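Chemist: Here is how the chains run, residue by residue.
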Amino acid sequence: MARVAILRFPGTWSDRDFEHALSLAGAETEILWHEDVHLSGFDAAIVPGGFAYGDHVRAGAIARLSPAIRELRRFAEEGKPVLGSCNGFQILCEAGLLPGALTRNVGLEFRCDWVRMRIESDATPFTRGLKGAEVRMPIAHGEGCWVADEKTVERVEAEGLVVFRYVDERGAATAAGNPNGSLHNVAGLRSAAGNVVGLMPHPERCAEPLMGGTDGMKVLDGLVRSLGTAPAPLGV
Amino acid sequence: MRYVATIHVRPKIEVRDPQGEAIVGALNSLGLGVANVRTGKEIVVTFDAADEAAARRATDVMGRELLANPVIEDFSVELSGP
Numbered sequence: 000m001a002r003v004a005i006l007r008f009p010g011t012w013s014d015r016d017f018e019h020a021l022s023l024a025g026a027e028t029e030i031l032w033h034e035d036v037h038l039s040g041f042d043a044a045i046v047p048g049g050f051a052y053g054d055h056v057r058a059g060a061i062a063r064l065s066p067a068i069r070e071l072r073r074f075a076e077e078g079k080p081v082l083g084s085c086n087g088f089q090i091l092c093e094a095g096l097l098p099g100a101l102t103r104n105v106g107l108e109f110r111c112d113w114v115r116m117r118i119e120s121d122a123t124p125f126t127r128g129l130k131g132a133e134v135r136m137p138i139a140h141g142e143g144c145w146v147a148d149e150k151t152v153e154r155v156e157a158e159g160l161v162v163f164r165y166v167d168e169r170g171a172a173t174a175a176g177n178p179n180g181s182l183h184n185v186a187g188l189r190s191a192a193g194n195v196v197g198l199m200p201h202p203e204r205c206a207e208p209l210m211g212g213t214d215g216m217k218v219l220d221g222l223v224r225s226l227g228t229a230p231a232p233l234g235v
Numbered sequence: 000m001r002y003v004a005t006i007h008v009r010p011k012i013e014v015r016d017p018q019g020e021a022i023v024g025a026l027n028s029l030g031l032g033v034a035n036v037r038t039g040k041e042i043v044v045t046f047d048a049a050d051e052a053a054a055r056r057a058t059d060v061m062g063r064e065l066l067a068n069p070v071i072e073d074f075s076v077e078l079s080g081p
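If you're matching them up, the sequences are chains A and B in order.
Letter 84 of the first sequence, counting from 1, is numbered 83 in numbering that gives the first Met the number 0, and no numbers are missing.
Letter 70 of the second sequence, counting from 1, is numbered 69 in numbering that gives the first Met the number 0, and no numbers are missing.
What the hints contain is simulated information worked out from the structure, not anything from laboratory work.
Quantities reported herein were computed from a predicted structural model and do not represent experimental measurements.
Using N, Cα and C, we set each Cβ at its ideal position, and we do this for glycine too.
Warning: the hint list may mix true and false statements.
One-sided excerpt, in silico: chain B residues whose CB lies under 8 angstroms from chain A [to be verified]:
(1) Arg15
(2) Pro17
(3) Ala21
(4) Ile22
(5) Leu26
(6) Val36
(7) Leu65
(8) Leu66
(9) Asn68
(10) Asp73
No more than 20 angstroms apart at the CA atoms, straight line, and that leaves these computed lysine to any residue pairs for SDA-like [said to hold, decoys possible]:
(11) Lys40(B) / Pro69(B)
(12) Lys40(B) / Ala53(B)
(13) Lys40(B) / Val56(A)
(14) Lys11(B) / Gly95(A)
(15) Lys150(A) / Arg15(B)
Construct the entire structure; sequences and hints are all you get.
Modeler: Below is the structure:
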């Protein structure tokens with residue numbers, strides 16, 4: 000069975016939701032306190048949403064200094080899948096595992112809503128076979144506006160690192176479909192190697208019909224499927 | 000030796016500053032002809048260092064490693080010594 004580590008920082012709040020959603024996908028999970036994160040024996044790691052360290056200084060800035068991030072960086076370098084959602088995406092950007100940064104939403108509103116996105120890359124363990132699919136997921140953030148310098152934006156587009164792009168009801172990447180002013184309607188990105196993925200929306204909050212949608216399971220099922228084809232982890 | 004560093008953190012000029020944009024609107028509602036506002040923050044750090052050179056190195060680490068994100072922000076330091 001796939002073993003997935005879920006990181007918990009002071010202020011993380013989506014860890015238990017991920018635990019539930021991943022159990023629906025058929026994965027075995029363990030929530031790990033950030034000061035005591037050892038990822039050997041795990042097949043994948045999740046950095047959930049919340050307000051790690053109260054978002055003091057900047058969202059993700061203090062979490063980035065945690066020993067968990069050193070371990071996560073090592074794990075990512077081994078090619079293991081890592082998913083950051085919402086505050087987890089902010090932390091991955093602060094840690095330099097994903098390009099750019101997430102800053103105050105244009106308009107300054109905290110947005111709690113459903114968004115539509117197009118999956119633009121299937122070169123990740125979470126989105127294989129999903130390129131071109133449109134998905135609907137909830138967001139809840141005040142600092143989800145993705146920014147980077149011009150060169151980085153060009154590189155991100157040229158290398159196909161955009162995994163999720165906000166679109167409107169007609170499927171076009173317009174300002175109307177963009178909830179926070181992100182450059183190029185970026186909702187989620189991957190690393191160059193493809194194993195690290197971050198997105199502002201919450202796949203764990205659309206994991207069964209009761210929650211109003213099930214598109215999050217496409218991403219989590221995708222992860223579990225991709226791990227199913229991998230060799231069994233050591234020590235399990 | 001005890002030093003006090005006043006560290007200013009500002010969004011880089013090419014990065015949008017939604018807070019600054021909101022302040023432009025608010026100031027203009029007071030009847031002022033405001034064209035542009037950029038916001039930032041000031042962080043005052045009291046700390047110990049062996050000498051001024053060490054204090055400057057320490058403030059550089061503070062700015063780079065935590066207080067500013069070099070992707071989107073610049074910082075500057077005013078240092079006052081003993």
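Chemist: Determine for every hint whether it applies to the structure shown.
Modeler: Evaluation of the provided hints:
1. Annotation: Arg15(B) was flagged as interfacial toward chain A, and the flag holds, the nearest CB pair being 6 angstroms apart, inside 8 angstroms.
2. Below 8 angstroms, beta-carbon pairs count as interface contacts, and Pro17(B) has one with chain A at about 5 angstroms; its hint therefore holds.
3. Taking 8 angstroms as the C-beta contact cut-off toward chain A, the hint placing Ala21(B) at the interface holds, the least distance being around 6 angstroms.
4. This hint is violated: Ile22(B) has a C-beta 10 angstroms from the nearest C-beta of chain A, more than the 8 angstroms allowed.
5. Nearest Cβ of chain A to the Cβ of Leu26(B): about 15 angstroms, over the 8 angstroms cut. The hint is violated.
6. Restraint check, Val36(B) versus chain A: the minimum CB separation of about 13 angstroms is more than 8 angstroms; hint violated.
7. Checking Leu65(B) against chain A: minimum C-beta separation of about 6 angstroms stays under 8 angstroms; hint holds.
8. A distance limit of 8 angstroms between C-beta atoms decides the matter here; for Leu66(B) the minimum to chain A is near 6 angstroms, and the interface restraint holds.
9. Below 8 angstroms, beta-carbon pairs count as interface contacts, and Asn68(B) has one with chain A at about 5 angstroms; its hint therefore holds.
10. Evaluation of the Asp73(B) hint against chain A yields a violated restraint, the C-beta minimum of about 12 angstroms exceeding 8 angstroms.
11. As the CA atoms of Lys40(B) and Pro69(B) are separated by approximately 15 angstroms, the hinted pair is consistent with the 20 angstroms bound.
12. Simply put, Lys40(B) and Ala53(B) have alpha-carbon atoms about 24 angstroms apart, too far for the 20 angstroms limit, and the pair is violated.
13. As the CA atoms of Lys40(B) and Val56(A) are separated by approximately 10 angstroms, the hinted pair is consistent with the 20 angstroms bound.
14. Proximity of Lys11(B) to Gly95(A) is assessed by CA-CA distance (about 18 angstroms); at most 20 angstroms being required, the pair is judged to hold.
15. A hinted pair counts as satisfied when its Cα atoms are at most 20 angstroms apart, and Lys150(A) with Arg15(B) qualifies at roughly 16 angstroms.
Hint compliance for this structure: hints 4, 5, 6, 10 and 12 are broken, all remaining hints hold.
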